[in-house]
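Student: Below are the chains, spelled out letter by letter.
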Amino acid sequence: MATTTVKTETFVGKRIRRREDPRLITGTATYVEDVQMPGMHYAVILRSPHAAARIRSIDTKQAVAAPGVVCVFTGKDIKGVGAVPCGIAMPDLRVPPHTILATDRVYFVGHPIAVVVARDRYLARDAADLIEVDYQVLPAVADPEKALAKVVKQRIVSQRLVPMAMETRGVVAEWHGADRQLNLYTSTQIPHLVRTLVAGMLGLEENRMRVIAPEVGGGFGSKLNVYAEEALTGYVSMKIQKPVKWIESRRENFTCTIHGRGHVDFYEIAAKRDGTILGIKLKLIQDVGAYHQLLTPLIPQLSVLMMPGLYNTQNIRADIVGVFTNCVPTDAYRGAGRPEATHGIERMVDMLAAELQMDPAEIRLKNFVTKDKFPYPTATGLVYDSGDYATPLKKALDLVGYHKLRQEQADARKQSKYMGIGISTYGEICAIGPSPATPAGGWESATVKIEPSGKVTIMTGACPHGQGEETTFAQIAADELGVGLDDILVLRGDTAVVQYGIGTFGSRATAVGGSALYYALQDLKAKIKKFGAMLLESEDVTLTGGKVICNKTGNSKSLQEIAGATYRALKLPPNTEPGLMATRFWEPPNFTFPFGAHIVVTDIDGETGQIKIRRYVAVDDCGNILNPLIVDGQVHGGVAQGLGQALWEQAVYDDNGQLITGELMDYAVPRSHMMPWIESHHTCTPSPVNPLGVKGVGEAGTIGCSPAVVNSVVDALSPLGVRHIDMPLTPEKIWKLLATKN
Amino acid sequence: MDITLTINGKSYSQDVEPRLLLIHFVRDVAGLTGTHMGCETSLCGACTVELNGKAIKSCTMFAVQAKGADIVTVEGLASDGKLDPMQEAFWNEHGLQCGFCTPGMIMASKQILDRNPAPTEDEIRHGLEGNVCRCTGYQHIVNAVKAAAAGAGK
Amino acid sequence: MIAQKFEYTAPKSLDEALHLLASGAKPIAGGMSLIPMMKLRLAAPEHLVDLRALKDLSYIREAGGQLHIGATASHYDVESSALLRQKCPLLTETAAAIGDVQVRNMGTIGGSVAHADPAADYPAALQALEAKFVLQGAKSERVVGATDFFVDAFTTALEPGEILREVIVPIDDARTGTSYQKMAQPASGFAIVGVAARVRQNAGKISFARLGITGLSNRAYRASASEKALEGKSSTPADIQSAAALVAQGIDANSDLHASADYRRHLAVVHASRALKTALSRIA
Amino acid sequence: MKISGSYVLPIAPERAYQILQDPAILAQAMPGCESLEKIGPDEYGMKMKVLLAALSGQFEGRVRITDQSPPSSFRLIVEGSGRIGFLKGEGLLRLSPAATIRVLSAAPSEAPSTVVSYEGDAQVGGTMAAVGQRLIDGTAKMMIKKFFDKLASLASLPASP
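Chains as they are written, first to last, in my numbering: chain A, 18 to 759; chain B, -13 to 140; chain C, 102 to 385; chain D, -9 to 151.
With the rest of the complex left out, here is chain A:
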């Protein structure tokens, strides 16, 4: 009897270092700015310094005549190009026409006016200074509340934030006139959607356009969009028949790439005396900005969907008011609507606890949807897939030593010290999502190809840009096929390589894209077994450890032998085609609903108002974990962005619509010395809606963080009668409270 050694090593669930890293740590990865082509031209965009103005005239004569300049285009020239799309259809939604260059009016600081193209980027920049624009400056509106009547309730602000991906946006367009082929390299999270929409804007057949998202240096939602510059760079390349590169400056990134949040919320929460929540009411004012970008109107809707939080209440009412302002549009930024909602709800629950003199942990435990109620339909029309909300909270309370801390706090208060303990328990809507609930199709695709040599190539419609799916997807495939990680290559981000796809956002890549991959692997395994059975001349075979084994004889055929046979096709099993490739477009039956509990312990400097985070405990439940190293990384990064919002970050426009935090000089992102140590822990409640049991973890940290921090600081200051503080919790705000309430 032949013996067969079977590989037993599995990869899913292990801390495996990432397969994408070698190119990134050696500086050999290719981001958009690294794309070089012979004859490259460079585009620089002239933008409005005014928030609202009429353009009386634009004089480009001097710029056109400047050294190295090839051409200058203004709004007059681009009449044939379609508008920047808004992907959300709603009854009575007002969608202002959004041309790729301004024509007669500008609506925000940074509004593109003209594009200068030169053979050298230094010369293009010089020439941009030579364009004369005559503006008639008009009054601007930068504050969404100023346009509306006053309502007095608990007002909670989620301030505007700048996503600030480390790599700014950038586009390289390469037009091959003879082939009618436009190649567009763009730093995006959604290459296929960009292709469909930009081809439409340019009037180009979609199959004549190839979009490549090379290495993408972070997105956080800001690259989940279709931007004027993508069409503009393509347009210029088609006009001058040369490759053209446009790289966004950081200043442009601050003023012209979408911002996140921008909510003013008015909440009401009703409860019985015993703390049972009866209902939550919200009026939400969304600062839209000057236009609707791709998903702008969707974001506040996500907030409303998330309004029940983890709580068992069926009484929810929400009104959304979208307000146009002379500011850059808001759109999806990490969490996209869900951090705003969670912040509001978790603040309200703490206020309720204070009102009823209940412990904030107790009131949450009392109101959680209990384990036995899943799948749980919410008042907002969702069905929570699975959950066990008390477990992570109890675990977090244990880990932080909650009862001891409360005693310590009581002692600290006797000495007039300000120490706070803040809890936030969050839920989120992830794995976006079933198609009927999404604007662009909520499925994801995967193709798995086993090459004749037995090596495995995966093409995913997800478009990871830091999330590590080149590794986690390889882990899934390696375990399913019983091969090593080195046998697998994951390709993404190129419309000429990948069938079609939706992209990476909304904590969806693994839950939806990974599931598509899982099902494609099942199809493939069936075919491998068929061929194996044929080659082994036995019906009783098992696929394991990268081999098909005859259960009777123990004889086996390796994947390589089988793959070779499928392509050589000397003999085929009945009703089977040659080759070894499977594609699945997988539609999820529901969203997933991760959850968790974050507890933050703060100490406040009573003299300066500075906040020090003593402990940060995060217990997140994202279902099954494929790679703990990557999951922890996602949690840490998410928390950093949540903490950024809670303590430092704010995009501030002055009354004239000037973004006065328009550079890293004034917009404070978290730096290493500002971050606390994050104690990251997990519970595991698998999702029943996908075969991997995963829920998604990309946004959890951000969503869980900000209310925990604010609750902690409000808790510290509660002896002074402080009920609520809006973010960011700057030392000066705290100092003012200390000074006035003491």
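Quick caveat, the hints were computed from the structure, so don't treat them as lab data.
What you were told as hints is all true, and nothing was included just to trick you.
Chain B is faced by these chain C residues, among others (derived, beta-carbon under 8 Å):
1) 104
2) 106
3) 108
4) 109
5) 132
6) 133
7) 136
8) 137
9) 153
10) 201
11) 202
12) 204
13) 206
14) 289
If you're wondering where the values come from, they're calculated on a predicted model, not measured in any experiment.
Positions of the beta carbon are idealized from the N, C-alpha and C atoms, including for glycine.
We have chain A; now place chains B, C and D onto it with these hints.
Tutor: Okay, now just chains B, C and D, sitting in the frame of chain A:
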């Protein structure tokens, strides 16, 4: 102006405009695109390279100012296919996600250990003050620097 | 992101540099303030003279009972100088609080001081140290004290054509303690307020006190009222508190997004008190 | 951004009112002003060069004087724009006789003086607004002080801030 710079042990001579930034010399003249430009106010650190043994921001220096200097970029760290221990540590500890800040982060991290072979967590965090990472929350980066320090101490 | 065109000279001698400056060129040292402004095209000098090319200007040495620091000594040179750590620890502590590692590697004491940013760190320490500045012109040199040197925001006693060649600071005896306390603006790292304290004690009494304040107003200044209030006191918490309370007296405090004038004034008091306490605790 | 303050000019209110609206004097007193030409009633075209630390920029704009109520108040509006951005300052200036001050000179003498108090708004736009946040307040104060210092010296008398 004619200038000659040594980058990763190789000499590059070029007639450049005085206003050419060092990062553009590194990226465009030497063709080493591992060094990234992340801001224009010298605050993000993505462009960090080593100049005569010191970590500096190559976006805040004109190439002519670096005339005759010896520069090391992220591409110069691995030798004969063997990664620098700091690169290895970033990989092992998952000290990167999107990777855009990583070359600058690795160069700044090396400077920390050059000057202090056994830094505390606080010293590491302060040593990285000039480098922004938007993905990792820094914790795994701190772990990487600790691991590299521990490895070097063995 | 791209500066306007300019001419660049790396002078071979101080004389050459002074000659070029006299004809309207602008000096550049570390470039930490100037280059970002040039890239944003907020600054467009036509001709830069690179003082870092003058290699013999980065010295740190002791002579005549004082410490002499050449203009192009980097913040890192200062921060890591064993001589300064031993004989003028206030300066090493302050240098270490500037910007970040990369900025300290490139930025120079001369550049920072001559730029006179109202939120820069060095000026607080140099006021407290009663530093002297050697200003070199084409024909002559002169020495100006810190109180006269810092005039207004970005305005110093430097005349056109002059460069700051050297900073001179005193060596204090063991009965002197110093401290620099700062609240950094979280985005840029500049001081919202920074206070440098330098106090000497004799037989349990404060015999001498100097307080330099930066970030509060348009120029770094000495808080003379606080200094006077401390002299002869026995440094009880109440003594320190009442002296610190005078630190912002009569000062027109600045206001921005990150801190209002009132908050800045308050922070100056808090940090003065902390700097004094720390300085006193450091007296051997 | 709100600006306000006051300054004592060592001249009588009538004289102060007059020189504050005299284009020849304004041209000399406004920091960086290179030319000031009348383009309409109480309206002047202005060219100015702002030099602040390394920052340098050419601005072209207008100076307007409105709401005149001699000798007690008027409104001054200064607007300029250039490559590096634009600026606008608008303020109501109120003039009132100050308590008589003693002017330092060899022979003590009494002199009339005027308190000029101003209240208004300063706006900055463009690149300057994005990176110069922390400097706007201090710079505005410095420019206003320079303006009054120069004005006082042009009135041929020593200043008394």
